[in-house]
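*Asks:* Spelled out, the chains give:
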Amino acid sequence: MNVISKVIESLADILDFDPNNIGPETYLIRDLEAESIDLLELAVVLNTEFKIEVDDDEIFLKTLRIYLDKPKECPKDMGEYMMEKYPYLTRERIKEILEDLPHGPVIKVKDLVSYINWKN
Amino acid sequence: MGLFSSLGSDPEAIVENILKDRVTFERPVYDPTTAVSPVHDFNLKDHTGRFKDARYLNRGVEFALAAALKAINASKLRPDQCERAGLFVGSGPNMDLGGECPDIRDGQIVQDPLPALFLLRFLPNTAASAISRLAGIHGENLSVGSACAASMMAVGEAFRKVKDGYLDLAFAGGGDSRLSPGGILAYKKAQALWQGIEDPRQTYAPFDVCRTGFVAGEGGASVLIESLDHAKARGARILAEICGYGSAMDGYTMTAPEPQGTWAEHAVQHALSEAGLNPGDVDLISTHGTGTVLNDRMEAGMIQRVFKGHSPKITALKSWIGHLASACGAVELALCLSCLELGLFPGVRNLVEPLNPELHFLKAPTSMNPRTILLENFGFGGQNSALVIQSWKP
Numbered sequence: 001m002n003v004i005s006k007v008i009e010s011l012a013d014i015l016d017f018d019p020n021n022i023g024p025e026t027y028l029i030r031d032l033e034a035e036s037i038d039l040l041e042l043a044v045v046l047n048t049e050f051k052i053e054v055d056d057d058e059i060f061l062k063t064l065r066i067y068l069d070k071p072k073e074c075p076k077d078m079g080e081y082m083m084e085k086y087p088y089l090t091r092e093r094i095k096e097i098l099e100d101l102p103h104g105p106v107i108k109v110k111d112l113v114s115y116i117n118w119k120n
Numbered sequence: 001m002g003l004f005s006s007l008g009s010d011p012e013a014i015v016e017n018i019l020k021d022r023v024t025f026e027r028p029v030y031d032p033t034t035a036v037s038p039v040h041d042f043n044l045k046d047h048t049g050r051f052k053d054a055r056y057l058n059r060g061v062e063f064a065l066a067a068a069l070k071a072i073n074a075s076k077l078r079p080d081q082c083e084r085a086g087l088f089v090g091s092g093p094n095m096d097l098g099g100e101c102p103d104i105r106d107g108q109i110v111q112d113p114l115p116a117l118f119l120l121r122f123l124p125n126t127a128a129s130a131i132s133r134l135a136g137i138h139g140e141n142l143s144v145g146s147a148c149a150a151s152m153m154a155v156g157e158a159f160r161k162v163k164d165g166y167l168d169l170a171f172a173g174g175g176d177s178r179l180s181p182g183g184i185l186a187y188k189k190a191q192a193l194w195q196g197i198e199d200p201r202q203t204y205a206p207f208d209v210c211r212t213g214f215v216a217g218e219g220g221a222s223v224l225i226e227s228l229d230h231a232k233a234r235g236a237r238i239l240a241e242i243c244g245y246g247s248a249m250d251g252y253t254m255t256a257p258e259p260q261g262t263w264a265e266h267a268v269q270h271a272l273s274e275a276g277l278n279p280g281d282v283d284l285i286s287t288h289g290t291g292t293v294l295n296d297r298m299e300a301g302m303i304q305r306v307f308k309g310h311s312p313k314i315t316a317l318k319s320w321i322g323h324l325a326s327a328c329g330a331v332e333l334a335l336c337l338s339c340l341e342l343g344l345f346p347g348v349r350n351l352v353e354p355l356n357p358e359l360h361f362l363k364a365p366t367s368m369n370p371r372t373i374l375l376e377n378f379g380f381g382g383q384n385s386a387l388v389i390q391s392w393k394p
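Chains A and B, in that order, are what the protein sequence lines are. Note that the numbering used here has the first sequence beginning at 1, numbered continuously upward. Note that the numbering used here has the second sequence beginning at 1, numbered continuously upward.
Please keep in mind that the hints were generated in silico from the structure rather than gathered at the bench. A hint or two may mislead.
To be verified - Simulated pairs of lysine-lysine, DSSO-like, Cα-Cα distance not exceeding 27 Å:
hint, chain 1, residue 1, chain 2, residue 2
1, B, Lys20, B, Lys52
2, A, Lys6, A, Lys85
3, B, Lys313, B, Lys363
4, A, Lys51, A, Lys70
5, B, Lys393, A, Lys62
6, A, Lys6, B, Lys45
7, A, Lys62, A, Lys51
8, A, Lys51, B, Lys188
9, B, Lys70, B, Lys393
10, B, Lys70, B, Lys232
11, A, Lys6, B, Lys363
12, A, Lys110, A, Lys85
13, A, Lys85, A, Lys119
14, A, Lys85, A, Lys95
15, A, Lys110, B, Lys52
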């Protein structure tokens with residue numbers, strides 16, 4: 001089973017959702033209503049499933065808004081800065097995230113997949 | 001009222017099972033020397049719909065939650081009425097040792113397949129938390145952990161809160177299941193379980209001289225306790241009146257009851273006194289009646305003493321559903337309420353030679369309309385509780 005299928009299966013199990021309604025573009029919090037308690041569970045499952053050491057802050061973009069709130073540390077190019085902080089995300093995805101920020105929590109299923117692939 | 005029991009979860013199923021003498025006793029694969037009474041075809045999600053926190057509920061809590069939701073649904077309360085309702089839940093320990101514990105050897109965790117918040121499956125207030133979340137209940141509340149007296153004590157405490165004017169309405173009940181290798185192991189080691197080579201359906205007999213212990217059961221129940229004024233004002237269907245409650249502790253051993261039943265009697269007398277009734281007013285006693293050597297001897301002796309000169313009928317619902325541990329009080333109350341509605345009460349199954357022949361045990365299903373019922377539940381640790389209810393006559 002590939003990474004995306006395993007991630008979707010884990011999300012469906014933890015969040016009690018039909019896996020057929022989850023895809024790479026699904027938002028974890030906006031669509032699947034994940035709460036902090038669910039992200040804790042997800043981290044435990046991904047640790048076990050993929051035998052990786054999941055960093056909660058990194059994978060769930062928990063510190064994203066903190067980084068954005070520190071303009072002094074931010075260089076001129078916010079995209080570059082974000083790529084340093086989240087090396088597993090592509091430039092395009094970072095751009096997407098920055099544009100999407102006003103609409104709510106940005107993390108999508110495909111971000112988890114990127115993180116796992118990067119860790120492996 | 002909401003009920004899940006192996007005898008049935010609504011009056012129609014209950015009466016059919018009683019009349020056909022049907023119980024679900026079977027030998028569990030994890031220990032075929034014992035017997036259990038499972039509730040078949042129970043699926044939590046049928047009652048909650050999508051509910052991601054279900055992963056934190058052990059099977060007993062699943063029953064407590066489903067029963068509460070069923071009771072809330074049956075009550076026809078509006079959301080704003082539910083919001084200020086109280087919630088009182090009897091809660092037992094999670095004994096699913098094999099399914100819930102990491103592999104620990106020489107003090108080191110070798111393997112840990114547990115979810116991040118597996119501790120929720122052990123916290124005593126997980127049932128209340130889940131019920132509150134799904135039903136929007138926010139009033140005064142209490143999770144009671146007094147062993148096999150827990151859910152009767154939850155009912156008793158809720159009754160007092162309503163009686164004393166702290167609440168207009170409160171849901172009270174509980175759910176439990178010891179149908180797991182750990183649960184059975186615990187009570188087997190304590191020598192409290194029915195064991196034998198015979199068919200448990202033919203031989204589990206509380207109050208019989210040949211009794212050997214209890215059949216472990218599972219299930220849950222919840223009742224809405226409401227002040228009369230409040231119930232009348234909203235046109236509620238009143239099932240019965242709770243008239244008195246009593247509780248007391250033995251202060252004796254950690255498991256065995258005090259042999260004379262001194263403090264069990266105290267609980268019973270207190271419940272009768274609060275109800276303003278005398279022993280002669282009691283028509284039926286729903287006993288704790290576990291089928292253990294020590295409980296039944298104590299309880300029969302105590303009943304004979306308290307009810308000397310009177311002849312209340314006596315039944316033991318555990319002979320039909322097994323022992324539901326912390327949930328037995330709520331479930332036996334709900335079954336009594338169902339039986340009141342049906343006008344039919346089950347007797348003590350398989351009772352051939354009562355250890356106390358002077359007592360008036362029901363030995364077969366009996367059509368009756370008792371006015372006053374005394375319910376008794378006792379628990380490890382010397383917990384005693386008693387409740388007096390009366391059929392409702394407007």
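*Asks:* Now tell me, hint by hint, if it's right for this structure.
*Replies:* Hint check:
no., hint, verdict
1, B:Lys20 x B:Lys52, "violated (39 Å)"
2, A:Lys6 x A:Lys85, "holds (26 Å)"
3, B:Lys313 x B:Lys363, "holds (10 Å)"
4, A:Lys51 x A:Lys70, "violated (33 Å)"
5, B:Lys393 x A:Lys62, "violated (61 Å)"
6, A:Lys6 x B:Lys45, "holds (24 Å)"
7, A:Lys62 x A:Lys51, "holds (22 Å)"
8, A:Lys51 x B:Lys188, "violated (40 Å)"
9, B:Lys70 x B:Lys393, "holds (25 Å)"
10, B:Lys70 x B:Lys232, "holds (21 Å)"
11, A:Lys6 x B:Lys363, "violated (58 Å)"
12, A:Lys110 x A:Lys85, "holds (18 Å)"
13, A:Lys85 x A:Lys119, "holds (14 Å)"
14, A:Lys85 x A:Lys95, "holds (14 Å)"
15, A:Lys110 x B:Lys52, "holds (22 Å)"
Violated hints, listed in ascending order, are 1, 4, 5, 8 and 11; each of the other numbered hints is respected by the structure.
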